[in-house]
Amino acid sequence: MRSIAALCGLLFLACAIAPAGAAANFSVTRVSGGSVVRQDDPVSDLIGTQMRISAGLDRQSSSQNGLAALVAESILQTPLDGVPLADLIAGEGGSIVYDVDPHDVRFYLEGLPASYDAMLGQFRAALARPDFSAAALARARAALGARIVRMQQLPLTVGLQMLNRTFYTDSNAGMPPLGLPQTLAGFVSADAQGFYSAHYLRGGAVVSAAGKLSGIAPGSLESLIGALGPGSSAPIKVSLKQLPSNTRQLIARRDIPVPWLVAQYKAPDLQSRDFGPMLVLTSFLERTLADVAGVPTLSTATSGARGVGATYNFDTQPANVIVYVDGGGNPTQVFATALTIVNVLGHAKLAGDLSDMKTFAIGRFLDQSTTLRDRAWLAGTFVGQRLGPDYAAQAIAAIQKTTASDLQRVAVRYLGFPNIALVLPRDPQQNASP
Amino acid sequence: MMLRAVRGAAAVLCLTAAFFAPARAQLVTAHEDPAAATTAVELWYRAPSAGYDLKSPGIARVALAATVASKIAGGSSLSEMVNRLGGSLSIQVFPDISMVGANVPAGSAPAVLRAMTAAFFNPVITDAGMKIAVQDSGVAAASQLYDSAQTLQDALFAELFSEGPAHYAPVPATAQFAKIAPADVQAFASRAFRRSNAILSIAGNVSDALKAAEPQPAGALDAPPFDSTPVVTPGETSASAPVPGMGFAWTGPRIADTRAATAMDFIADYLFDPDSGTVIRAARSQRDAFAGGQFVTLHDPGVLLVTLSGGSAAALQQPVLDAVSAMAQPLDAATFAKARKVFLYHILSQIQTPMQRADDAGWYAAEGNAQYAPGDPSDTYVNAINSLDPQFVAQVARTYLQRPAVVRLIQSSPGGSTAT
Numbered sequence: 001m002r003s004i005a006a007l008c009g010l011l012f013l014a015c016a017i018a019p020a021g022a023a024a025n026f027s028v029t030r031v032s033g034g035s036v037v038r039q040d041d042p043v044s045d046l047i048g049t050q051m052r053i054s055a056g057l058d059r060q061s062s063s064q065n066g067l068a069a070l071v072a073e074s075i076l077q078t079p080l081d082g083v084p085l086a087d088l089i090a091g092e093g094g095s096i097v098y099d100v101d102p103h104d105v106r107f108y109l110e111g112l113p114a115s116y117d118a119m120l121g122q123f124r125a126a127l128a129r130p131d132f133s134a135a136a137l138a139r140a141r142a143a144l145g146a147r148i149v150r151m152q153q154l155p156l157t158v159g160l161q162m163l164n165r166t167f168y169t170d171s172n173a174g175m176p177p178l179g180l181p182q183t184l185a186g187f188v189s190a191d192a193q194g195f196y197s198a199h200y201l202r203g204g205a206v207v208s209a210a211g212k213l214s215g216i217a218p219g220s221l222e223s224l225i226g227a228l229g230p231g232s233s234a235p236i237k238v239s240l241k242q243l244p245s246n247t248r249q250l251i252a253r254r255d256i257p258v259p260w261l262v263a264q265y266k267a268p269d270l271q272s273r274d275f276g277p278m279l280v281l282t283s284f285l286e287r288t289l290a291d292v293a294g295v296p297t298l299s300t301a302t303s304g305a306r307g308v309g310a311t312y313n314f315d316t317q318p319a320n321v322i323v324y325v326d327g328g329g330n331p332t333q334v335f336a337t338a339l340t341i342v343n344v345l346g347h348a349k350l351a352g353d354l355s356d357m358k359t360f361a362i363g364r365f366l367d368q369s370t371t372l373r374d375r376a377w378l379a380g381t382f383v384g385q386r387l388g389p390d391y392a393a394q395a396i397a398a399i400q401k402t403t404a405s406d407l408q409r410v411a412v413r414y415l416g417f418p419n420i421a422l423v424l425p426r427d428p429q430q431n432a433s434p
Numbered sequence: 001m002m003l004r005a006v007r008g009a010a011a012v013l014c015l016t017a018a019f020f021a022p023a024r025a026q027l028v029t030a031h032e033d034p035a036a037a038t039t040a041v042e043l044w045y046r047a048p049s050a051g052y053d054l055k056s057p058g059i060a061r062v063a064l065a066a067t068v069a070s071k072i073a074g075g076s077s078l079s080e081m082v083n084r085l086g087g088s089l090s091i092q093v094f095p096d097i098s099m100v101g102a103n104v105p106a107g108s109a110p111a112v113l114r115a116m117t118a119a120f121f122n123p124v125i126t127d128a129g130m131k132i133a134v135q136d137s138g139v140a141a142a143s144q145l146y147d148s149a150q151t152l153q154d155a156l157f158a159e160l161f162s163e164g165p166a167h168y169a170p171v172p173a174t175a176q177f178a179k180i181a182p183a184d185v186q187a188f189a190s191r192a193f194r195r196s197n198a199i200l201s202i203a204g205n206v207s208d209a210l211k212a213a214e215p216q217p218a219g220a221l222d223a224p225p226f227d228s229t230p231v232v233t234p235g236e237t238s239a240s241a242p243v244p245g246m247g248f249a250w251t252g253p254r255i256a257d258t259r260a261a262t263a264m265d266f267i268a269d270y271l272f273d274p275d276s277g278t279v280i281r282a283a284r285s286q287r288d289a290f291a292g293g294q295f296v297t298l299h300d301p302g303v304l305l306v307t308l309s310g311g312s313a314a315a316l317q318q319p320v321l322d323a324v325s326a327m328a329q330p331l332d333a334a335t336f337a338k339a340r341k342v343f344l345y346h347i348l349s350q351i352q353t354p355m356q357r358a359d360d361a362g363w364y365a366a367e368g369n370a371q372y373a374p375g376d377p378s379d380t381y382v383n384a385i386n387s388l389d390p391q392f393v394a395q396v397a398r399t400y401l402q403r404p405a406v407v408r409l410i411q412s413s414p415g416g417s418t419a420t
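Protein chains in written order, with the working numbering: chain A, 1 to 434; chain B, 1 to 420.
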């Protein structure tokens, strides 16, 4: 049997790889059930802080589709001295955004060190006393509506949302992250206040800051957790039907020029011994898909500009891997090629040197963790799953100790039968409704 | 502000000769961040994209790509090496300057730097490398075809400059690349990528091993930046394109006039920042219309570019021109103070990553004012921001923002004819 290195057509790189000599200065403190992570980088010009609160999609009941996003957006719209929080922070030389995830809502505040304490104070004030008045909710709905329209124009996002709906079967974690305009329209102030009171709690909250942290007064980051109520909340249990095994394809039509195919596999969690092997496999899939179907370019395309790729979403539980292919050529054929390669990985006797695959996986991981936002997110994700904050060291160690048998085991266990979403161009004769 | 990517700038440290192992000469800039896990290594060159005789549009793009794709002394090519490391490779060509860069794990940076300097300081372009380069340049041209902002930018430069590198699109139509002879590419690469014309820009995690691998800096390049000649009276023209649009361009201050150049950056940010720009926010009400603008900091002169694209672009023309004209009057003190703080944040947020820092350090050094790069330890740029006041900004607007060059893109049908 040919070795995996030969099989993949990979060449051993003749230079020594010493992946990270980074001297990041991490610290973690525990505060009332939450955690504060500091990643000091004195030469940085800015500070970025991510706050993760267990108030994501799985806290929504079946009749609360979009409520998590409406509450998060309302916090950004909360007026302080008559100015909405987001505008106030922009005026101080910063920005604040949020994402609604299957389990959490994640706020990200970035800004100039000189005014960062003021921004933290403003965020804390809005977080502690959000405005859920009818006027504030109206502004939040309008902002969400615009974001929903933009998201519906992104085929990968559309496909992922369809797949998530079937991926999470014991909670509503797979609901659309921002809800739907028609569901958002039905919520009133009491709904938002009720969701906030029940789920904006200290338990499990993680504040992760990166950058020039000397610009932050002692206790400022901890005070964000103090803005939340005591206690913790749990996901709302529901029972959703899994897709029958013979109907694993989901189809949607949007105003896009070419079809997209998106596949989703279950994947090992961050704490699993299979984390490292899955990082290696995912990066290998990404490279293989690019070789088979990507537009050949010498410059490395940004993730947003790629038509093919693979992503390991290890910050959610259960974790998953997404493989996507756009239809510049024949997405089904390309995807079949990728499945074949995975099948070979799972069933061929693997031998030989995995150095090249590991080197590539480490490089991709580090290359995608360079912004303050990425660095704050990664440290917060690791700490949120009860690991140490030095994400790079742990990811590299997990990759380095991967063996050929690990790869084979993980390929067989996880990369078997994906759920598949097809996002197709809308038929010109069809109505424009989604 | 640097062109296109607008990625801010890097601190530039001209390292002393004793710092390096013995090697050759060019300008070296570096920004060290021990907390970074990666290192960006870049080479920047002053070279006209259309060739030294300006008769071979696209030759710099092909030469860059061919050098990156040609195997080095029978081993891997630079692109293969960076790809295997899981890093990012970037090649960019502008009318007057070009760059190649890689972002890789810190431990691999010395090897990448050696490979990069080996490939570029004595370029040997192979047949295979040339073939890949023509194909890659063709892909770049094809992808630009539907980028109306880039199409407008190229057309505006051609309209605004009657002579010089800026008159020519750095990435011309696909067919142009096949016309360039390999021997010409080799000759161009040998001249343009010579050591004494190279700016080495490094940012991120800089290890002792990397310092040992860096060439010795001489502190000055052997050629000045390539300037272009602006037209006396900017005119108006039209071109066909897959997407309709229109654009405006004004010549602005040279890079040496740091206060005025920073004032133009401020104006561009205040009006056209993608999130907070007053024009951009107002334009959101227009479906199917997209606006953008930036001041491009060049050796002499700089250029303020404004591009409008989409089916409703024409509806934005007058509001945009009115907004630009209004900058001739001073903003009120409170609005100005807030806008200046927002501007500083935008500038610094664009130099977060090693690649962003190396990009800007390289750009400003290539255009002739390395210390002006935002983030430079000299704080030249930040000091220039702090020196701005409403009256000065208005005065700069009155001086430079008079009659623009105008380009209209008329939508062509799929068959190639122009829709009316």
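Check the hints yourself; a few may be wrong.
Which stretches of chain A does chain B cover? Using the computed rule of at least three CB atoms under 8 Å from a CB of chain B, they are [unchecked claim]:
1. 27-37
2. 104-117
3. 354-366
4. 413-425
Quick caveat, the hints were computed from the structure, so don't treat them as lab data.
Please read all numbers here as calculations on a predicted model, not as lab measurements.
All residues carry an ideal CB built from backbone N, CA and C; glycine is no exception.
Exercise for the section: Test coverage of the region 27-37 of chain A by chain B using CB-CB distances below 8 Å; three residues minimum. Expected result: violated (count 0)
Practice task
Count the residues of the region 104-117 of chain A whose CB lies closer than 8 Å to any CB of chain B, then report whether that count reaches three.
Solution key: It holds: at least three residues are needed, and the region 104-117 of chain A offers 4 whose Cβ sits within less than 8 Å of chain B.
Handout entry: Within 8 Å of chain B (C-beta), three or more residues of the region 413-425 of chain A
Key = Not satisfied, violated; 0 residues make the cut.
Practice task
State whether the coverage of the region 354-366 of chain A by chain B holds or is violated, taking the criterion as 3 or more residues with Cβ-Cβ distances under 8 Å.
Solution key: holds (count 9)
Checked against the numbered hints listed earlier, the structure breaks hints 1 and 4; every other hint is satisfied.
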